[in-house]
Amino acid sequence: MNLATAWALLPVLVVVLGFALRQHPARVVLAAAVAAGVVAGMHWRDWLETLGQSFLNVRYLLVIVLALPVIAQMEAHGLRELAGRLIAGWRGARPGRLLIGYLAVRQSAAAFGLTSLGGHAPMVRPLIAPMAEAAIECESSTPPSEAERERTRALCAATDNVGLFFGEDLFLAFGAVLLMQAFMAEQGIELSPLAIALWGIPTALCAFVIHAARLWWRDRRRP
Amino acid sequence: MSLTPIYWLLGGYFALIAVRAWRDRERPARIARAGFFAMLSLLYLVGDWLPPALAGVGVLAIALIAGFGLPLMSAIAPAANGAAGHPRLLLPVLAIPAITIMLTLTLPYWRIDDKPVLGGHLPALFGLTCACLLALALALRLTREKAALALARGGDLVEAIGWAILLPLLLAVLGTLFSKAGVGDALARAIGALVPLDVRWVAVVAYGLGMALLTMAMGNAFAAFPVIAGGIGLPFLMQVHGADPAPLAAVGMLSGYCGTLMTPMAANFNLVPVALLDLKDRNAVIRAQIPTAIPLLAANLMLLGVLCFR
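So the protein sequences, as listed, match chains Y and C. Basically this note's numbering = 1-based index in the first sequence + 16. Basically this note's numbering = 1-based index in the second sequence + 84.
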C-alpha cells in the first residue's frame with residue numbers, strides 16, 4: 017500500500033475515530049467532509065458548491081416528515097396506549113413472536129415492491145414498539161426494567177431494517193437491482209433483472225431464518 | 085414534473101416550526117432552534133434558485149448549529165389524558181401506507197395527453213406526500229381538532245428528533261465528497277495490495293467483506309458496489325476465477341447491506357430511530373442488529389463461494 021492510497025483513506029479514518037470516540041455525529045460528518053475536501057485538493061469554493069448541490073439533490077429524504085403531524089396527533093389521542101392494549105388482550109403475546117410476524121410481513125411486502133408498508137416513523141414508533149413493550153408485560157409478573165424496554169424498542173427498529181433490506185432486493189424494479197444490471201451492462205455483461213433478483217433469494221431466506229431465530233431465542237431465554 | 089411542490093410543502097412546514105421555536109421562550113436554545121429550522125426551510129423553499137455555493141454556506145450553517153447548538157429532547161410524550169384511544173385511531177396511521185401503495189402503483193397511469201398528471205417518474209414520493217395530507221385530513225376529522233394543533237404536535241416531534249433529522253442528508257453529502265476524494269478506489273486498492281486475490285477463496289472473502297466494510301465507511305451499499313465490483317469482482321473473481329456474474333452481483337450487494345446494519349453512517353436506518361424511539365444509547369439499534377448482520381455476512385460469503393462457482 018503506497019502513501020497516496022493511505023492519504024486517500026484519511027476521511028474514513030476521521031469517521032471511524034469520530035464514531036469510536038463517541039463524538040457528536042454532526043461534528044464527525046463536518047470533520048470528515050473537511051478531510052475529504054483536503055484529500056481531494058478542492059478549492060474552498062468548489063467544496064461549498066459540492067456541499068450545497070449534493071444537499072439540494074437529496075432533499076427528498078425528508079418527505080417522511082409530512083407523516084409526523086398525523087402520527088403526533090393520533091399519539092396525543094392515545095394511539096400508543098391503544099396499540100399496547102390490543103396486545104395486552106392476547107395472553108400468548110411475546111415480543112419475539114410479535115416481531116417474527118412483523119418481519120415476515122415487512123420482508124414479503126418489500127419483496128413485492130411495497131416498501132412503504134412499515135418504516136420507523138409511520139409504523140414502528142406508533143404501533144410496533146408500544147405493542148412489543150406491552151408484550152414484555154405479558155411475559156412475566158414482574159414489571160420489565162427500563163433497560164429491557166429500551167432493548168426491545170431497539171429490536172423493533174432492527175427488525176424493520178432487516179425486513180426492508182433483505183426484502184426489497186427481490187423486487188425486479190428496485191433501484192439496487194437496476195444499478196447492478198447497469199453496472200454489468202457497462203462492462204459488456206448482459207444480465208436480466210430477474211436473474212439478479214432470483215439470486216437474492218438464498219440470502220433473503222438466511223436473513224429471515226437468522227433474525228427470526230434470534231427473536232425466538234429472545235423469548236425462550238426469558239421465564 | 086420536478087419535486088419542487090413537495091419541497092415547498094416541507095419548507096413551509098419547517099418555517100412554521102421555526103416561528104414556533106422563536107416564539108416559545110420557555111425552552112432552552114431558542115435562537116439555535118429557530119435558526120436551524122429557518123435555514124432548513126430556506127434551503128427547501130428557494131434551494132432551486134440558489135447558487136450552489138450559497139446553498140453550501142447554508143448547509144454548513146445548519147450543520148454547525150446541529151453539532152454545537154441544538155439541545156437533546158425527549159421524543160415520546162404520553163397521551164394527553166393518558167388513556168387508550170378508540171380503535172378507529174388506527175385508521176389514519178394505516179391509511180398512510182395503504183394510500184401510498186395505491187398511488188405509487190396507479191399514478192403512472194393517470195395521464196392527460198400521455199403525460200403523467202402527478203408524480204412523473206417518482207410516483208412513490210408523490211404517493212407518500214398525498215397519503216400524508218389525506219391521512220392528516222382524516223386524523224383531524226376523527227379527533228375533531230384544528231389543523232394548527234396537529235401541526236404544532238408534529239412540530240414538537242420534529243424538534244424532538246432534532247439534529248438526527250439532518251443526518252441522512254449530511255451523510256449523503258459526505259458520500260459525494262468521499263467519491264470526489266477517491267476514498268472507495270483507495271480502499272479497493274488497499275485490499276488488493278494487502279491480500280493475494282489470485283487465490284479464489286481469498287478473493288471471495290475480500291469481495292464480500294470489502295462490500296460490507298466500504299458500505300460501513302460510506303453508509304450506502306449503492307456507492308460501494310461499483311467500486312468493489314469494479315476493483316475485485318470483475319478483474320479477479322470473474323476474469324481470473326470465472327465467477328457467474330448474476331449471483332456475484334446479487335449476493336455482493338446483500339453483503340453490503342450487512343454493512344449497512346452495522347454503521348452509524350446509515351443514519352436514517354440506524355440513528356433516526358434512536359431519536360424516534362427515545363433510546364438513551366445512541367448505538368442501540370446497531371447493537372441490536374450486529375448479531376444478525378455478522379452471521380448473515382458469513383452466510384453470504386459461503387453463498388458467494390458456492391453459487392458463483394457451480
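Do not rely on the hints blindly, as some may be mistaken.
Have a look at the derived ranges for each label pair, beta carbon to beta carbon [unchecked claim]:
| hint | chain 1 | residue 1 | chain 2 | residue 2 | range |
| --- | --- | --- | --- | --- | --- |
| 1 | Y | D235 | C | V141 | 38 to 46 Å |
| 2 | Y | A120 | C | W133 | 24 to 32 Å |
| 3 | Y | R43 | C | W92 | 50 to 58 Å |
| 4 | C | K199 | Y | A189 | 14 to 22 Å |
| 5 | C | L278 | Y | S161 | 41 to 49 Å |
Source of the hints: derived by calculation from the structure; they are not laboratory data. Just so you know, even glycine gets a beta-carbon here, dropped at the ideal spot from N, CA and C.
A quick look at each hint next to the structure:
Taking the beta carbon of each, D235/Y and V141/C are about 52 Å apart, not inside 38 to 46 Å as hinted. In this structure the supplied range 24 to 32 Å is violated for A120/Y paired with W133/C, their Cβ-Cβ distance being about 47 Å. Judged by the Cβ atoms, the range 50 to 58 Å given for R43/Y and W92/C is violated: they are separated by roughly 31 Å. The beta-carbon spacing between K199/C and A189/Y, approximately 21 Å, falls within the hinted interval of 14 to 22 Å.
Roughly 45 Å separates the CB atoms of L278/C and S161/Y, a value that falls within the hinted 41 to 49 Å.
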